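Now for the letters of each chain:
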Amino acid sequence: MFHLNSIQDLTETQIDALISLAEEIVRDKAKFREACRYKTLATLFYEASTRTRLSFEAAMHELGGNVIGFADAASSSATKGESVADTVRTVACYADIIVMRHPKEGAPMAASLKSPIPIINAGDGGHNHPTQTLADLFTIYKIKGRFEKQTIGLCGDLMFGRTVHSLIRALSRYNDIEFVLISPEELRLPDYLKEDSLNRSNVTFRETEELEGVIQELDVLYMTRVQRERFFNEADYVRLKDRYILTRSMLRNAKEDLAILHPLPRVNEIAVEVDDDHRACYFSQMLYGKYMRMALLMNMLEVSL
Amino acid sequence: MNIDSIQNGIVIDHIRAGNSLRIYRYLELDKLACSVAIIQNCKSRKMGRKDIIKIDEEYEVNLDILGYLDPDATVTFIRDGKTALKRKCALPDKIINVIHCKNPRCITVTEPGLDQSFRLADRERKRYRCIYCDASMQA
Numbered sequence: 001m002f003h004l005n006s007i008q009d010l011t012e013t014q015i016d017a018l019i020s021l022a023e024e025i026v027r028d029k030a031k032f033r034e035a036c037r038y039k040t041l042a043t044l045f046y047e048a049s050t051r052t053r054l055s056f057e058a059a060m061h062e063l064g065g066n067v068i069g070f071a072d073a074a075s076s077s078a079t080k081g082e083s084v085a086d087t088v089r090t091v092a093c094y095a096d097i098i099v100m101r102h103p104k105e106g107a108p109m110a111a112s113l114k115s116p117i118p119i120i121n122a123g124d125g126g127h128n129h130p131t132q133t134l135a136d137l138f139t140i141y142k143i144k145g146r147f148e149k150q151t152i153g154l155c156g157d158l159m160f161g162r163t164v165h166s167l168i169r170a171l172s173r174y175n176d177i178e179f180v181l182i183s184p185e186e187l188r189l190p191d192y193l194k195e196d197s198l199n200r201s202n203v204t205f206r207e208t209e210e211l212e213g214v215i216q217e218l219d220v221l222y223m224t225r226v227q228r229e230r231f232f233n234e235a236d237y238v239r240l241k242d243r244y245i246l247t248r249s250m251l252r253n254a255k256e257d258l259a260i261l262h263p264l265p266r267v268n269e270i271a272v273e274v275d276d277d278h279r280a281c282y283f284s285q286m287l288y289g290k291y292m293r294m295a296l297l298m299n300m301l302e303v304s305l
Numbered sequence: 001m002n003i004d005s006i007q008n009g010i011v012i013d014h015i016r017a018g019n020s021l022r023i024y025r026y027l028e029l030d031k032l033a034c035s036v037a038i039i040q041n042c043k044s045r046k047m048g049r050k051d052i053i054k055i056d057e058e059y060e061v062n063l064d065i066l067g068y069l070d071p072d073a074t075v076t077f078i079r080d081g082k083t084a085l086k087r088k089c090a091l092p093d094k095i096i097n098v099i100h101c102k103n104p105r106c107i108t109v110t111e112p113g114l115d116q117s118f119r120l121a122d123r124e125r126k127r128y129r130c131i132y133c134d135a136s137m138q139a
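Chains as they are written, first to last, in the working numbering: chain A, 1 to 305; chain B, 1 to 139.
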C-alpha cells in the first residue's frame with residue numbers, strides 16, 4: 001500500500017506505467033468496465049471542487065466501483081471539531097481508498113500517517129496537487145509525444161498555485177527542460193521550489209513579469225488563476241487578479257504547435273475567444289485527467305485485469 | 001576562573017559562544033536535580049570564543065536536539081573522573097517536536113496530537129523543512 005501526497009512519491013518509471021495504463025484505457029474503455037467492481041472510493045472534500053471530485057467519481061464509476069463521501073466540510077463532522085486522523089480512520093471502515101482535498105497544507109500527509117487504506121492528495125491548500133499533475137503530464141505527452149526538450153511557460157499565481165508546484169517538481173526530472181516563470185513579483189515561485197527542484201536538478205529557468213515578451217519561445221504555456229481563497233487581504237487579490245489575460249491577438253507570435261494548458265477553473269486569465277484556437281488544450285486536459293485518475297485508482301488499489 | 005572537575009557526568013564543549021543558554025533551555029537541563037555549570041565566552045584556540053556546559057551526573061543527552069542547535073558541539077562522557085566516550089554532534093536527518101512550524105496554513109496548526117516533524121533539506125545551508133507543508137526553518 002502506498003499513499004500519494006506529492007508527485008515526488010512517484011518515480012519516472014511509475015509515471016510512465018500510469019501513462020501506459022491510461023493509454024490502454026483510452027483505447028479500450030469497455031475492457032476496464034469492471035476493473036474495480038466491489039471497490040469503494042471515498043471522496044473527502046473539505047474544500048470546493050468541480051473537476052477533481054467529479055473526475056475521480058466518474059473514474060471510479062467507469063471502473064465499475066462505488067463512491068461515497070462529502071463535497072464540503074460543512075456536511076462532515078469537521079464542523080463538530082473532528083480531526084482529520086479520526087475522520088480517515090472512520091471512513092476506512094467503509095471504503096478501500098480515500099481521495100482528500102483540504103485547505104490546510106499537509107492534511108493528506110497527516111491523514112496518511114493514521115490511515116489503514118491508501119490516501120490520494122487531491123489538493124492541500126497552496127501546497128501540492130499531484131493528480132492534476134498526472135493530468136497535465138498525460139496531456140503534454142498526448143499532444144507533444146515527449147516531456148524532454150521543451151520550453152515550458154508557467155504564468156500567473158506561482159506562489160500559491162499548487163498545480164504549478166507539482167508540475168515543476170515532475171518535469172524537473174526530465175532532460176532539457178527550460179522553465180519561464182511569468183508572474184508579478186508578489187506571486188513568484190517560492191524559494192524552496194527553486195532550491196529543491198530547479199537548482200538541485202540544474203534546470204534552466206528565468207523569471208519575468210511579461211507574458212507577451214516570451215510567448216514566442218514557448219512549447220507549452222500553463223496558465224493559472226489568481227486564487228482569491230489564498231489571500232488574507234482582499235485588496236491584494238483585486239490588484240493582482242487580472243494581471244495576465246491571454247487573448248487571441250497575443251497568440252499571433254506564438255508557435256503553431258504551442259499547447260495552452262490550464263488546470264481550471266479559469267476566471268479572466270484566458271479570454272473565451274482563445275477557446276476556439278487549435279492550441280487551446282485545457283478542455284481535453286480534463287478528459288485526460290479522468291483517464292489518468294482511472295489508471296491511478298487501479299494502481300493504488302492493486303487491481304489488474 | 002575554575003569550575004570543579006566532574007567525576008561522573010558529561011561535558012558539552014565547543015558550543016558556539018552565546019548559544020549555551022539556548023541549549024540549556026531546549027535540553028531542559030533546569031529539570032535535572034544535579035549541578036549544571038554554564039561557562040560562557042571562554043577562550044578557544046579553534047573557535048576564538050566558546051561556551052561549555054558541565055553536568056554533574058550521568059545524563060542521556062539528546063544528540064539530535066543538540067546537533068540541531070549546535071552541530072559543531074562535542075559531548076564528553078566522564079566516568080570515575082576519566083573520559084569514557086567522546087561524541088561529535090551533527091545535524092540530524094529528522095527532528096521531532098523540537099521546533100514548531102510557523103506556516104499558518106500548515107495542518108499542524110489545527111490537527112491535535114500531530115508531531116512537529118522536520119526533515120533536513122539542505123545540510124550545507126542547515127535548512128529544515130516541515131514534512132507536512134515544506135515550510136523552511138533555519139538551524
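No lab work stands behind these hints, which were simulated from the structure alone.
Some hints could be false.
Said to hold, decoys possible - Derived BS3-like pairs: lysine-lysine, alpha-carbon spacing no greater than 27 Å straight-line:
1. A/Lys114 to B/Lys86
2. A/Lys194 to B/Lys126
3. B/Lys46 to B/Lys102
4. B/Lys82 to B/Lys31
5. B/Lys43 to B/Lys88
6. B/Lys102 to A/Lys114
7. B/Lys46 to A/Lys194
8. B/Lys88 to B/Lys54
9. A/Lys29 to A/Lys39
10. B/Lys88 to B/Lys46
11. B/Lys94 to B/Lys43
12. B/Lys86 to B/Lys102
13. B/Lys82 to A/Lys194
14. B/Lys102 to A/Lys80
To be verified - If you anchor each label on the Cβ, the simulated ranges turn out as follows:
15. B/Thr76 to A/Glu186: 47 to 53 Å
16. B/Asp93 to A/Thr90: 32 to 38 Å
17. B/Arg25 to A/Val26: 43 to 49 Å
18. A/Pro116 to B/Lys31: 35 to 41 Å
19. B/Asp72 to A/Thr247: 27 to 33 Å
20. B/Arg125 to A/Arg33: 20 to 26 Å
21. A/Met1 to B/Arg25: 37 to 43 Å
22. B/Gly113 to A/Asp236: 32 to 38 Å
Unchecked claim - Sample of chain A residues facing chain B (criterion: CB under 8 Å; computed from the structure):
23. Gly64
24. Thr79
25. Val84
26. Cys93
27. Glu105
28. Ala107
29. Gly125
30. Gly126
31. Leu198
32. Pro265
33. Asn268
34. Ala271
35. Glu273
What you are looking at is a predicted structure, and each value in this text was computed from that prediction instead of being measured.
Each residue gets a CB set at the ideal place from its N, CA and C atoms; glycine is no exception.
Exercise. Indicate whether the distance between the beta carbons of B/Asp72 and A/Thr247 respects the range 27 to 33 Å.
Key: violated, 58 Å
Quiz item: Do the numbers back the hint for A/Asn268, that is, is its least Cβ distance to chain B under 8 Å?
Solution: violated, 25 Å
Quiz item: Is the shortest C-beta separation between A/Leu198 and chain B less than 8 Å?
Solution: violated, 14 Å
Quiz item: Given A/Ala271 as an interface hint, is the shortest Cβ-Cβ distance to chain B below 8 Å?
Solution: violated, 31 Å
Quiz item: Given the hint that A/Lys194 pairs with B/Lys126, does the C-alpha gap stay at or below 27 Å?
Solution: Holds. A/Lys194 to B/Lys126 sits at ~17 Å (cutoff 27 Å).
Quiz item: Does the Cβ distance between B/Thr76 and A/Glu186 fall inside 47 to 53 Å?
Solution: holds, 51 Å
Quiz item: Does A/Cys93 meet its interface restraint, that is, does its C-beta lie within less than 8 Å of any C-beta in chain B?
Solution: This interface hint is violated because 20 Å lies over the 8 Å limit.
Quiz item: Against chain B, is A/Val84 within 8 Å by beta-carbon distance?
Solution: holds, 6 Å
Practice problem: Given the hint that B/Lys43 pairs with B/Lys88, test it: the Cα-Cα distance must not exceed 27 Å. | Solution: At roughly 20 Å apart (the allowed maximum being 27 Å), B/Lys88 and B/Lys43 satisfy the hint.
Quiz item: Would you say the C-beta atoms of A/Met1 and B/Arg25 sit inside 37 to 43 Å of each other?
Solution: This hint holds: roughly 41 Å between Cβ atoms.
Practice problem: Would you check the hint for A/Lys29 and A/Lys39, treating anything up to 27 Å between C-alpha atoms as holding? | Solution: Cα-Cα ~18 Å, so holds.
Quiz item: When you check the alpha-carbon spacing of B/Lys82 and B/Lys31, does it fall within 27 Å?
Solution: Distance ~25 Å between B/Lys82 and B/Lys31 Cα, so the pair holds.
Checked against the numbered hints above, the structure violates hints 1, 3, 7, 11, 12, 13, 17, 19, 20, 23, 24, 26, 31, 32, 33, 34 and 35; every other hint is satisfied.
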